[in-house]
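Colleague: Since chain A is already given, all that's left is putting chain B on it; use the hints.
Read off the chains here:
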Amino acid sequence: MTAAAAQHPLVAVDGLTVEFTTRDGIVTAVSDVSFSLAPGETLGIVGESGSGKSVTSYALMRILDDNGRVAAGDISYSGVDLVAADDKTMRAIRGREISMIFQNPRSALNPIRKVGDQIADVLRQHGMAAGVEARRRAVALLETVRIQQPEARYHAYPHELSGGMCQRVVIALALACEPRVLIADEPTTGLDVTTQKTILDLVRDLAGERGMSMALITHDLGLAAEYCDRLIVMKAGKVVEAASTEALFNNPQHAYTRALIRATPRRGARLRSLLPENDPRRGQPQPEANLRQGDSAAGGQPLVSVKELVKSFAPAASGLPFLKPKAPATPAVRAVDAISFDIWPGESVGLVGESGCGKSTTSLMLMRLLDPTSGSILFEGEDIAATPSGRFPKHPMRSKLQMVFQDPTDSLNPRFTAQQCIADPVARLGGLSGRKAIADRAAELADMVRFPRGLLDRFPHQLSGGQKARVGIARALALRPSFLVLDEPTAALDVSVQAVVLNLLADLRSELGLTYLFVSHDLTVVRLLCERVIVMRAGKIIEQGRTDDVMDNPQSDYTATLLAASPQPPAALL
Amino acid sequence: MDEPAAETALPSNAGFARRSLYILSANPVSFVALGGFGLIVLAAVFGPWLAPYDPLLTDAAIALQAPTAAHWFGTDQLGRDVFSRVLVATRLDLTISVLAVALSFVVGAGIGTMAGYYGGRADRIASRVVDTIMAFPLFVLAMGIVAAMGNSVENIIYATAIINVPFYARVARAEANIRRNAGFVQAAKLSGNSGMRIVGMHLFPNALPPMAVQASLNLGWAILNAAGLSFIGLGVKPPTPEWGIMVAEGANFIVSGEWWLALFPGGALMITVFTFNLMGDALRDIVDPRKRT
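Read top to bottom, the protein sequences are chains A and B.
Position 116, counted from 1, in the first sequence is what my numbering calls 118; the numbers after and before it change by one each time, with no gaps.
Position 161, counted from 1, in the second sequence is what my numbering calls 175; the numbers after and before it change by one each time, with no gaps.
Be a bit skeptical, because a hint or two may be false.
[Said to hold, decoys possible] Pairwise CB distance ranges, derived in the manner of DEER restraints:
1) B/PRO66 with A/GLY27: 21 to 31 Å
2) A/ASP83 with B/ARG32: 55 to 65 Å
3) B/ALA161 with A/GLU162: 50 to 60 Å
4) A/GLY436 with B/LEU35: 37 to 47 Å
[Unchecked claim] If you only want the chain A side, here are some residues facing chain B, beta carbon under 8 Å, derived:
5) SER365
6) MET369
7) LEU371
8) ASP373
9) MET405
10) ASN415
11) THR419
12) ARG430
13) LEU434
[What the hints assert, rightly or not] Take a look, some chain B residues computed to stay more than 12 Å from chain A by CB distance:
14) LEU48
15) THR82
16) LEU117
17) ALA161
18) ALA196
What the hints contain is simulated information worked out from the structure, not anything from laboratory work.
Just so you know, these numbers come straight off a predicted model, no measurement behind them.
Every residue, glycine too, gets a C-beta built ideally from N, C-alpha and C.
With the rest of the complex left out, here is chain A (with noise of 0.2 Å):
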């Protein structure tokens, strides 16, 4: 279908060039970039950030920001120039003819309009129906993208929708003009791999229904192989290599494209086996766990022992005391309901769970930055829950629990340089006094987790998403702790990124031996770093055992939806 389809494409884009004029003179974003897309067919526009394929499809719909301007290449929508169109053209191409949807579904809709007025004044605007037909089909569209009630949710404001729910309504914006061509840029990043699933099954169904061609626009190759038929990969504003889904697997060309198949984790996969081909530390064995104290099997104390722990937060209550409402309030939620576990030392230990399922607050409350309503943390017997997080800094255990946090951006002082942020812990609580010990010891855990030296004096901002997880490493590393929570650390991070990261993780757990508690959402990545993995879902474990036995063998529903809808790239390759 696709060599017959290519001789009549719906889309063309031909040599494109585009060009951002910054302070910095002009930046080409994205350069003699060229593909087609024919009528019915879906195809992946795959690479890492930065690679330009936000900004082709931004240049393919002409919404570039101001800076920008395509230098040099054509693109035709059936026949129509649209890099010379005019706006009164482009205008009416745009969500009738070619629709997009964008990466986060709450900033794409109007905060203050109900969602279902917002889809009639698309069909409105292109004169596709007016006043009680266009009410009409805006609801029939809601109910073709799958929402309950769509009569109901009609009234909804953005606000009162879940992010899942919130895309659905973007793509009925996206489709209610019955476009032919739909790109869909990251549509589903932030959203859990259930709800992901659902989405872009969704997506694929209508799209199939209405002979629609689609480009996906992803960083996740496991997504691309999933629903794409044929698939680009970008590479610093360059196509490097464009073929079938199944022809790019089994048979990639280029060297870039073998790297990110490899580093994107897949079932089967160990650690090192994600590194590219020319690390040395590729044909090393995989760091094992450095169990002090044998396996949980065999006995011992536990380092980290959990018991009957809730958190429940209480309603907003209303500010004034005469207008509280007669009837009882509602009953606080609880964000976790009463869980027990142990780690044992020297383990890491896996919790996965969807957004929500109040994995995050149990990481807070262990390690004592959020107070728990009850239940105990014992930690290497001691019951740490007694002391109230206000005053934990000054608590002696403080320096042994740490924390690697889930956005390296955020999680760094925009106003510190590497150094700072990695000297603060040690200045505070590391023992040491006087401005050069504390900068060599700076420097060492820098060395530690491989971060340049020379880079130390640089702040955030200057620095990439892999050095910034490492310096957010090296100082969840500076005052020794025998216990870190691994709060998705990677999950921010490109693949290739992510797959040093995760490997520098567990060699400094061998070399230090650290016991682990990795947050994440994603099992694949779990399985590669996790003896254990414990299962929660609205605030109560689910499973817990085993990563393979779990995985392989899975006791509950909920863990074995999980685990299909986690997209999987073809194990073709290694």
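Modeller: What follows is chain B alone, placed relative to chain A:
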């Protein structure tokens, strides 16, 4: 996460100066503001030496002369040189406003950052106190404070500082509040920082850029406020040269045609306030992250 490559490219170590220059070059008026500010500071520091005449020297023989080559801004009713008086007054007016702004900056930043970080009851109390100050007509409040505390230059500074605290407190509170649960604040707690240390060492530096802009815009306003108080007879006493008093004294002579007495100090006041406001705009552009492309 997938921004245009142009934005994700690592910024070169170009430094603050180059970036500032790039941003300011888009708006040449900023250079006028910076130049004007330089002149005002020079006048404040070297005014007494630059002045051609003693600003307090009276000479009845040359009273109320229109501007001439010898007396550029003319002379007043006691024969004092208006140009010298305007020049020398710069130091006093600038001192009052800078000290007042510095004071309100420090107090406002302290109250605001703590209220924003701790939240809860501390925040409610601080915010209501600030709101209460804002609820008064500020100039009338300043008049009341000076009248109650005594008619002196120090009290003008305190009064001006008190009525400006709310602006800084609100900015600092907002900046601290959006960051109170940021990853780096959590990490600072894990590193063993106490609450006060987090407020001072981690949150305050992040609130600094918008507060610096606020301070610059506020300087002009503080000068106006001090001159206004002097105009109605509070604070600085004659014969000390001060723009507000000079305008007040000169106002009596406008009807009889001696316009230069009020016009020149008033003009100096206007140009100074205008310069500070322009400088605030330039500073705002420099610290605005959206201008960093």
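Colleague: Each hint needs a verdict: does it hold in this structure or not?
Modeller: Here's how the hints hold up against the structure:
| no. | hint | in the structure |
| --- | --- | --- |
| 1 | B/PRO66 with A/GLY27: 21 to 31 Å | 51 Å, violated |
| 2 | A/ASP83 with B/ARG32: 55 to 65 Å | 40 Å, violated |
| 3 | B/ALA161 with A/GLU162: 50 to 60 Å | 54 Å, holds |
| 4 | A/GLY436 with B/LEU35: 37 to 47 Å | 38 Å, holds |
| 5 | SER365 | 11 Å, violated |
| 6 | MET369 | 6 Å, holds |
| 7 | LEU371 | 6 Å, holds |
| 8 | ASP373 | 13 Å, violated |
| 9 | MET405 | 6 Å, holds |
| 10 | ASN415 | 4 Å, holds |
| 11 | THR419 | 12 Å, violated |
| 12 | ARG430 | 4 Å, holds |
| 13 | LEU434 | 13 Å, violated |
| 14 | LEU48 | 19 Å, holds |
| 15 | THR82 | 50 Å, holds |
| 16 | LEU117 | 24 Å, holds |
| 17 | ALA161 | 37 Å, holds |
| 18 | ALA196 | 6 Å, violated |
Of the numbered hints listed earlier, those contradicted by the structure are 1, 2, 5, 8, 11, 13 and 18.
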